[in-house]
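Protein sequences, first through last, are from chains X and L.
Its first residue numbered 365, the first sequence is counted upward by one per residue in our numbering.
Its first residue numbered 191, the second sequence is counted upward by one per residue in our numbering.
I should point out that these hints are in silico values taken from the structure, not numbers from a laboratory.
Using N, Cα and C, we set each Cβ at its ideal position, and we do this for glycine too.
Among the clues, some could well be false.
Where chain X lies over chain L, by a calculated footprint (3+ residues, C-beta under 8 angstroms) [claimed, not checked]:
(1) 223 to 233
(2) 289 to 302
(3) 450 to 460
Letter by letter, the chains look like this.
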Amino acid sequence: MHDVAKHDDSKAQYFWVWAALLILTAIEVVLGYKQVFSPVRMLEVLLLLSVIKSALIIGYFMHLKFETALMRWLLVLSVVTCFVIMYFFFFPDADRIRTLGVQ
Amino acid sequence: MAEATIEHAAVQHGAPGEYEAPLFGAYSKKVGMWLFLASDSLTFGALLFAFSYNRIYTNPWPTPFHAESIANATIMTACLLSSSLTMVLAVFAAQRGDRPWIRNWLLATMAFGTAFIVLHGMEWSKLISEGLVLPGFTTILGVSKTASSGEMAEIANNVPQFPQAFFGLTAMHMLHVTIGVIYLGVVAFRKWFLPALGVFWIAGALLIPSGNVFHYPVHVLGLGLLTAAVILFLKPKDYDVNDVEVCGLYWHFVDLVWMFIFPLVYLMSTKVS
């Protein structure tokens with residue numbers, strides 16, 4: 365049947381995760397309303413909160429935390445590597461256009 | 191016959207070469223879905239990077255989302271997060287073999303997903319009526335009744351990168367949510383879901399006026415109906431716990447992507463006065 369059912373799969377932890385996700389969303393909205401940070405710092409903070417939220421969703425709701433180590437590492441590392449490559453393609457150019465203008 | 195007996199014996203005794211242990215200790219459908227989600231995350235990753243690219247080099251970036259839009263997007267976020275919880279409860283019900291509650295929780299998940307789509311559709315219609323349009327909206331989709339002046343119209347004229355990035359990213363996500371709702375409906379109700387989907391499709395096609403941006407895209411439901419009918423015809427099976435878990439993976443992924451769209455697209459373009 366469910367091949368990840370070996371771990372302690374209590375329902376309560378999913379309600380806690382759901383509550384944590386809602387609270388993190390509320391924090392994001394308050395930060396958006398108050399605009400306490402500069403845009404760049406705001407982007408960093410919001411992205412950090414989003415990464416925490418996505419880790420909770422992937423780890424608990426999608427059960428990756430309870431899969432084999434090989435599956436966890438292979439999936440996470442391959443996707444993150446692709447994102448890092450995209451980062452080096454996109455952002456230096458965007459910054460170049462911003463600082464130099466389109467030539 | 192003799193060959194079949196030998197094969198059967200080989201499988202029974204775990205003879206090398208007949209069946210290998212799964213690579214990730216998971217059944218193949220789940221591994222397949224994870225691989226699909228990994229590739230799909232790159233699609234959304236590219237779109238989010240493109241959005242950020244536009245955001246960085248466009249100075250000043252428009253901030254058209256007032257308190258009303260942010261409140262609407264926050265409710266949409268809460269809908270998706272709650273749908274993930276009901277999806278988890280559906281998987282629990284599937285592990286217990288509790289069929290009525292599998293359907294109930296999947297139905298609740300579909301209801302949250304549908305609420306998300308409706309809220310998003312209303313927001314799109316409002317933005318478009320205020321003038322935030324792309325050229326394709328009027329020529330291809332036949333959208334009418336858009337304002338030619340005002341804040342949104344100015345943004346569309348002066349910073350076309352904004353509507354391009356906004357509509358491109360959110361349309362892709364909305365399409366994924368729609369496919370997810372159909373997927374859940376097929377797993378929950380199998381062939382009995384098809385007439386309901388047909389009713390939604392026809393009702394949408396008749397009720398959405400011709401000047402609305404969703405007048406033609408509503409036929410995605412018709413494509414979904416056709417695809418679901420073909421799948422159910424080819425494999426009219428009774429979906430089991432693994433199928434519920436695999437469709438749950440897809441649904442959580444849709445939720446996951448929104449966790450990046452919401453702050454990047456909405457909260458970073460907020461104007462609260």
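*Hint numbers not upheld by this structure, sorted from lowest to highest*: 2
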